[in-house]
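Asks: Based on the hints, put chain B in the right spot on chain A.
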Amino acid sequence: MDLRDYALGEGSAAERRALEAELAQDGELREELHRWELTLAALRSAPDEEIPRRIAFVSDPVFAPNWWQRLFSAPQWGFASAAVLGGAIVAHGWLLKPSPAVVDQAPVANGVRYSEADLSAAVESAVARAVASVEARQQERLRQVIDESEKRHQTERQMMAASFEENLLLMRKQINRMYVQSANLNVGSVQQ
Amino acid sequence: MIFREVEDQDLVTKARKGNIDAFNALVSRHEKRVFNYLLRILRDREDSLDLTQDVFLKAYQNLSKLSDAARFSPWLFRIAHNEAFSLLRKNRPDTVEMAFEPGTADAREGLFPVEMSLAVETALGRLTPEQREAVVLKIYQGFKFEEMAEILEVPLSTIKSRLYSALDVLKGALAPVKG
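Quick mapping for you: the protein sequence lines, in order, are chains A and B.
Start counting the first sequence at 107; every next residue gets the next number (the numbering used here).
Start counting the second sequence at 40; every next residue gets the next number (the numbering used here).
In isolation and in its complexed conformation, chain A is listed as follows (with noise of 0.2 Å):
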């Protein structure tokens, strides 16, 4: 093992006490020791300086982002780059918005070609059709209301009617009634 090795400290354990046997009998390797020893310390004695003054840390203005690295880092980027984004979006959905459809060929019915004009024709055919049903079916419907409208009122009057009459005939009774008892104290006077 190197004395200069023995004296920085480095080698196995092993190594160290080998040399150390040697140096136990070798006065002259001793001494070699020694002035390496010595040397080490002298070094050693040197201290370590303090910093003259603080090393600027990253968050200095030293450390701060060029202009163009502030450009191209600032906010606003974000802001800008959304906008362009939405209105990518909103371009792209009204370039895809589904067009008229154009019609350069009539459809075909069981074989038979029809004109924009015929299948028109047909449509509005059709819807009167419709409307005319319905309107028979809603005058079929009102008609059949007033029907048993009628006839419901008709009823009620003659049910009024009938109860008149029998109202009526009971007075014509409590009339009769009082005649009777009126002619009857009448004979009852005379009498006596």
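Simulated from the structure, these hints should not be mistaken for laboratory data.
Please note that the accuracy of each hint is not assured.
Said to hold, decoys possible - Partial pick of chain B residues on the chain A-facing surface, computed with a CB cut under 8 Å: (1) Asn75; (2) Arg84; (3) Leu88; (4) Gln92; (5) Leu102; (6) Phe124; (7) Val159; (8) Lys177; (9) Ile178; (10) Glu192; (11) Tyr203; (12) Leu206; (13) Lys210; (14) Leu213; (15) Ala214.
Just so you know, even glycine gets a beta-carbon here, dropped at the ideal spot from N, CA and C.
Replies: Showing chain B alone in chain A's frame:
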């Protein structure tokens, strides 16, 4: 030392995620070491201070390139080494080594601390930058030989060769044979 490395790894991981405070902690922890490493190699206080600043700036900018967060310290000193030797190459024509007259061992032993520091500084000045760097990394920064090889990107044998030749020179200056 192991705990310290784990802490460094944690701070590097956080700094990579944009945590500036974590990188600030790394700066606080290593700035004195880096500054003294550069000062002992460059032997110029202002240059060392400027380069220390540059080292941490480059470390921050290239933190994502550090493959192993646990190896932050050797990686940082690798950056410092590149910066230092780039400046030395640029200034090499003007580099003048200080003259040094070796004294005796007795004289060394009788020196006051300030005089000893000057003697050490002068002795270090007699070394080549590569030798001086090997001494600084081993004696002052306490790196293992394997870490030094990683920092300097040279074989282990080269590291030992540089260090031993430097120590031979220093021994002659700081602990000469009595006579």
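Asks: Against this structure, judge whether each hint is valid.
Replies: Structure-based check of all given hints:
no., hint, result
1, Asn75, "holds, 5 Å"
2, Arg84, "holds, 7 Å"
3, Leu88, "holds, 6 Å"
4, Gln92, "holds, 6 Å"
5, Leu102, "violated, 10 Å"
6, Phe124, "violated, 20 Å"
7, Val159, "holds, 4 Å"
8, Lys177, "holds, 7 Å"
9, Ile178, "holds, 5 Å"
10, Glu192, "violated, 21 Å"
11, Tyr203, "holds, 6 Å"
12, Leu206, "holds, 6 Å"
13, Lys210, "holds, 4 Å"
14, Leu213, "holds, 4 Å"
15, Ala214, "holds, 4 Å"
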